[in-house]
Amino acid sequence: MPIFDNELDMLKERVLTLGSMVETAIRDSVRSLVERDSELARNVIKRDHLVNALEVKIDEECVRLIALRQPMAGDLRFITTTMKITTDLERMGDLAVNIAERALELNEEPQLKSFKNIPKMAEITEEMVRDTLDAFVKGCSKLPYEVINRDDEVDDLTVTNFNELLELMLKDPKIIPLAIKRTYVAKYLERIADHATNIAEMIIYMCKGKMIRHTTADE
Amino acid sequence: MVGELNDRYLFEIQDFSIFYGNFMAVKNVNLNIEMNKITAIIGPSGCGKSTLLRSLNRMNDLIVTSRVEGKALFRGVDIYEKVTDVIELRRRVGMVFQKPNPFPSSVYENVAYGPKIRGIKQKSRLDEIVEHSLVRADLWKEVKDKLNDSGLSLSGGQMQRLCIARSLAQEPEVMLFDEPTSALDPISTAHIENLLQELRKTITIVIVTHNMQQAARISDYTAFMYLGELIEFGETDTLFVNPQNKLTEEYITGRFG
Amino acid sequence: MNEHVPFELVRKKRFNFKENFFLSLIRTLGFTGAVILFVILVFVAYNGVHVLSWDFITQPPVDAMTKGGIFPVIVGTVFLTLLCMIVVIPIGVTTAIFLAEYAKPGMLLNMVRMSIYTLAGVPSVVFGLFGLAVFVVVLNFGMSLLAGSLTLAVMILPYIISTSEEAIKAVPYSFKEASLACGATKWQTIRRVILPTAMPGILTGSILGTAKVSGETAPIMFTAAAFFTPGIPRSLFEPVMALPYHIYVLATAGTFIEETRPIQYGTALTLIVLVLGMNLLGIILRARQRGRKAW
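Protein chains in written order, with numbering that gives the first Met the number 0: chain A, 0 to 218; chain B, 0 to 256; chain C, 0 to 294.
Derived from the structure by calculation, the hints contain no laboratory data.
Incorrect hints may have been included.
Heads up, simulated DMTMM-like pairs for lysine to aspartate or glutamate below, C-alpha to C-alpha not over 25 Å straight-line [what the hints assert, rightly or not]: (1) A:K207 <-> B:E178; (2) B:K98 <-> C:E258; (3) B:K98 <-> C:E176; (4) C:K175 <-> B:E249; (5) B:K245 <-> A:E6; (6) C:K103 <-> B:E170; (7) A:K209 <-> B:D219; (8) C:K103 <-> B:D60; (9) C:K175 <-> B:D219; (10) A:K11 <-> B:E231; (11) A:K137 <-> B:E248; (12) C:K175 <-> B:E231; (13) C:K185 <-> B:E87; (14) A:K11 <-> B:E80; (15) C:K175 <-> B:E248; (16) B:K120 <-> C:E176; (17) A:K209 <-> B:E108; (18) C:K185 <-> B:E248; (19) C:K168 <-> B:E248; (20) C:K103 <-> B:D84.
Keep in mind it's a predicted model, so treat the numbers as computed, not measured.
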């Protein structure tokens, strides 16, 4: 049915739009912290409502398609996957907002130490997000698997970041509030990476028809 | 003639082909019908699904030019052997057709037809069978006060349930349904679909339908046929969510043709 | 943009020459046919009705048939017809069942059908000669009720076969399918479903066949008809009188043609009433069963 095919294409477009909005939010929020640009941070926070609105729109469209088009097989998996992906993307947008909020707070205070881990984590995370969106468009490919593997890197960097900050905190308890906020930022990035991993697993399901979520790498 | 009993499969169809003269309507089908399950056969018009269904109770014999190759085993016995008791086969494998076709006699007589031709004469026994069959077909309540009314005076959905009752009166093990609800309104359709779910507990059901959603709603196994070949066969859950064959995917997502 | 064409609610008189011409033609012809029939009926009735009476029907002819009744004549026709139908209906219906249900398409079937069609077209006088040769002479029944009935049976057989076969073929295929799918044998299906459903049609055909048979003259002229018999035949091998033959005899061969004229008309009227009555019965039955058919 050509109408249905058009609707599916439009749905895809919308998801990609949402994805790029979230990508931008993540990048900007980290920049606002690293470059100490509070104006940028405020911008990120302001734009979040657009992300939420688009997520709702996509969800509504999915429900409508299920009701009216009785999708089967590949179409069905595509639509249900889309619903889950947008949830993850929206959460990623919220986490970007959280980063921006911490940035606003940290920018009021002198910088604790140079940013090394967080930009690295941000880079990897942004790459993961970009790759999942590519995979979403491409369908079956190796991309989602690569994304899932990179999650470990992000996890490791979180730990590294925490340990370094812990050292500083033990040396000078006065900086604990600031240090903690920085650990939060790392945490947020780690959770963004986890959401990207979820999306990758969903894309594998969409392609192969097998759920691999919540299974370990060897299964 | 007694064959090997297979505990799970009532019908085992092996390399089975059906010809009308020189035309090959069904090509080398391999299929097993599992006991007490609903197996649906779907496919576009002319794919051979009705032909295959009718071969299971040898109703194809009515067409003079039809012949078969390969084996169709019912309880381990090839039903196309020359010595097969076709009458007994048709008693154990009942059939309900697309357009409800009750006889032009009373409701009672319609349901009692089967037992009577088997030689059951005692009125009390016949009464019992008629009531039991009508109950099983979920029609008893609606007709118990008008058993002597003509079968043709019922509504479409009721007539079809009457035909089901008529078949049930023969105590079949398998019931074949050839697009049973395509001539009915949605409510009657739903009624009969619920009935099939009930009947599945005691009877094995094979249903041909051109309505994919119906197959998705009620069947345990689905077979997809195209141009006489069996393209894919599997659990309904799998086939409709993740079909293995590209043709199947195209058909069930409506991208055929 | 289409021009706005006003829709006239007043019906214009559409005069289409062709339509009106054919309509008028058909009306005229139909009317003419009915008029002719009516005239014949009125003519016979007018000339014969004063002869009719209870005595006319129950008394034998007297005075060289110039007076009296036509009781043995009526009896003769009734017996001939009855015996004929008793013979022909079982044979005809059975053949119809065979043709409709059992016969395999092929040479034999085609030959049988050809024979039936051809037989239906044979003039009745030929049947009379056939009956004379076979039943009267060879089988030595003589001029008798038996020979006459059998001849009539042979004559009406194709008609009974056709009408019965039609009735059987009119039974919807779905009934047969349903019966077989229940596990019935072919014969059970025929006996319990097809025949009962076709019975009204078969009956109608039989009644109309009876009407045809009772009015035939040529087949019985050489095989059964007698100039005079006193009453009810005592055996199958006796000749009988018959209504159509009686008219013929009185009008051509009798000694008092003019004097018996009223009786001729009376006999004709009786025959017409009989045949008309049976046809009407057949038509009414057919109409009723058409209304009843719910399938």
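Verification of the supplied hints:
Taking the CA atoms of A:K207 and B:E178, the gap is about 33 Å. The hint is violated against a cut of 25 Å. The suggested pairing of B:K98 with C:E258 is violated, with an alpha-carbon distance near 69 Å, which exceeds 25 Å. A threshold of 25 Å between alpha carbons decides the hint, and for B:K98 with C:E176 the separation of about 11 Å falls inside it, so the pair holds. In summary, the hint linking C:K175 to B:E249 is not supported, as the alpha carbons are separated by about 39 Å, beyond the 25 Å threshold.
For the suggested pair B:K245 and A:E6, the alpha carbons sit about 22 Å apart, so the restraint of at most 25 Å is met. Pair hint C:K103 plus B:E170 does not hold up; C-alpha atoms about 33 Å apart against a cutoff of 25 Å. About 20 Å separates the Cα atoms of A:K209 and B:D219, which keeps this hinted pair within 25 Å; it holds. Simply put, C:K103 and B:D60 have alpha-carbon atoms about 14 Å apart, close enough for the 25 Å limit, and the pair holds.
Our distance criterion of 25 Å between C-alpha atoms is broken by C:K175 and B:D219, whose separation comes to about 32 Å. Distance hint between A:K11 and B:E231 is unfulfilled; the C-alpha atoms sit about 30 Å from each other, more than 25 Å. For the suggested pair A:K137 and B:E248, the alpha carbons sit about 19 Å apart, so the restraint of at most 25 Å is met. Of the pairs offered as hints, the one joining C:K175 and B:E231 is violated, with about 34 Å between alpha carbons and a cut-off of 25 Å exceeded.
Taking the CA atoms of C:K185 and B:E87, the gap is about 13 Å. The hint holds against a cut of 25 Å. Note on A:K11 and B:E80: the hinted pairing is violated, with a Cα-Cα distance of about 57 Å set against a maximum of 25 Å. Restraint check for C:K175 and B:E248: not satisfied, since their Cα atoms lie roughly 39 Å apart, outside the 25 Å limit. The hinted pair formed by B:K120 and C:E176 meets the criterion: a straight-line CA distance of about 24 Å does not exceed 25 Å.
For the suggested pair A:K209 and B:E108, the alpha carbons sit about 54 Å apart, so the restraint of at most 25 Å is broken. Note on C:K185 and B:E248: the hinted pairing is violated, with a Cα-Cα distance of about 44 Å set against a maximum of 25 Å. The hinted pair formed by C:K168 and B:E248 fails the criterion: a straight-line CA distance of about 45 Å is larger than 25 Å. With a C-alpha separation of about 22 Å, the suggested pairing of C:K103 with B:D84 holds against the 25 Å cut-off.
Hints 1, 2, 4, 6, 9, 10, 12, 14, 15, 17, 18 and 19, counting from the list given before, are not met by this structure.
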